[in-house]
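J.: Single-letter residue listing:
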Amino acid sequence: MTSLPAVPTPKKLGLVIDLDVCVGCHACVISCKEWNTGGYGAALSDQDPYGPDVSGTFLNRIHSFEVLPVGAEKIGEAGDARIVHFPKSCLHCEDAPCVTVCPTGASYKRGEDGIVLVDEDMCIGCGLCAWACPYGAREMDLAAGVMKKCTLCVDRIYNETIDEIDRVPSCVRTCPANARHYGDLADPQSDVSKMVAARGGIDLMPEQGTKPVNKYLPPRPRTALADSAVPLAETSAGASGFFAWLDGVLERI
Amino acid sequence: MHPALSIIVFTTLSGMGYGLATLLGLGLFEPAALATKIGYLLALALIAGGLVSSTLHLGNPQRAWRALSQWKTSWLSREGVMAILTFLPLTVCAYASIFHDRHLVLAGVLAAGLSLVTVYCTAMIYGSLRTVQLWSQPLTPVTYLLFSLSSGATVGTLLAVTGASRPWLLAVLAVLSTVAAWMVKRRWRADGKALPPLTTPETATGLGFIGRVRLFERPHINDNYLTREMGFQVARKHADKLFGIAILLGGFVPVVLLVVAALAANAMGPGLTAFLAAFLAVLAHYAGVFVERWLFFAEARHAVMNYYGR
Ligand code: SF4
Ligand code: SF4
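Sequence order for the protein chains is X and C.
If you count the first sequence from 1, position 148 lands on 148 in our numbering, and the numbers rise without skipping.
If you count the second sequence from 1, position 63 lands on 1063 in our numbering, and the numbers rise without skipping.
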């Protein structure tokens, strides 16, 4: 079972995340936790939930990075530094190392749509798959002792008991900025594939050889801060009429 | 990587057990000697003890049997299968020695071969992870095999000076394999530290085209499973000191003690001096390998830490 599908999966369901749009609000983190703690498999537990050392299982986390333009040692030296909010969850890799290392067959990649899942009844909680994933997309639930990961909301996307508009992953449905998109990346005509083509979508850590299905749309270039800043009124040289009179009065006081 | 005690104890003790099993299987010991019989029991106990301790870190150990099913792709599964296969000829050999004072050549060779294959599988669990660059070096399994052989041969010397075999033979084997193990290990460590990082924050985020990427805010204020499991860090200067201590304890000290044990056994026959020297050699060797194994984990950096600014 932990052999990967022999042929490329006919569908490659996954996410496209727009780094130009994400505002880092963490709404998807919360909606993911809310949906998945009551959905597929064991609940996403928290340890010391109301104490100072609170921590818990999350399938989606947002990091924020500062990017300093090449050639700069200090901020502002070679153009403006940028803050990029960076959502990260399982990328449902085509060549998923987390699957092949699993000794029990609990981890598998579905042949039909490429979703990577854990059968929790078979998982022994050895943690090796979390070591094999370069992206930190797998977290052991400390209460259940089994491995948790993004299921691409497999219990929503095929779920005919909910409204059609809701048949997308919870994070995608929730994102208030529309930074997250869901679709079939094997189909070049799908909206997500077109988006990736138009914006030059990228793979994370291509050197790890995982061939991730999820793609990230790089931030677009920005106008330099200095160009769009409104200059502060330092002198009153150009003042006329009432303002010239006021200027004169204030000058005399 | 977090140096979990159960995994360190497992890999070092079972390594010692498999090393000893290899030498026993190769027929280097007199099958009728009491010390040889004890040796068989010790090898079986070390291997079994190691396996039990390896299940201690599982989230659901009651399902551990399932880990035998995926030998086609998983080195962890292969290790489990090989460990169980090794028990068969090894137990037969132990039985023949303990009850019939005989060494069975075929079963012995099988036990020796399977022992080495098992150690190789253990090493490849780590060696096959591209996410941990230090471990994915080709020399990783070589270091595991050499440490297994050298700790087995050190215990073998202890058995030999109590009448199980020729002390010189085992002492020479132990000294040679110990020296080889530390030489390869030093090389492995130096090579590993010199490697340019495969994955950087720039490739991890894909933002390298803008410039240098630095973590601004982590996802949550507190540690999580990932930072606890993969974010362990040991200060460079401490790591270097610990590595020196490991070589001293696991290399120099046992080599001297092994020579003393062999000389004493040669001059006075099996006696207290030889026994004590060999016994201390075993303890020192184990302590050294234990520190080495702790560092194997503590010094390893996982690719995911590129997202956590560590
Ligand atoms: S992102 Fe990690 S957990 Fe998800 S498929 Fe890839 S390697 Fe596996
Ligand atoms: S933690 Fe579970 S899913 Fe992951 S490798 Fe171990 S048995 Fe497989």
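Keep in mind the hints are simulated off the structure, nothing from the lab.
Treat the numbers as computed from the prediction; the structure is a model and nothing was measured.
Errors might be hidden in some of the hints.
[Said to hold, decoys possible] In the SDA-like style, the derived pairs of lysine to any residue whose C-alpha atoms are separated by at most 25 Å in a straight line are:
1. Lys11(X) <-> Gly248(X)
2. Lys33(X) <-> Asp1223(C)
3. Lys33(X) <-> Glu1217(C)
4. Lys211(X) <-> Pro1197(C)
J.: Which numbered hints does this structure break?
T.: 1
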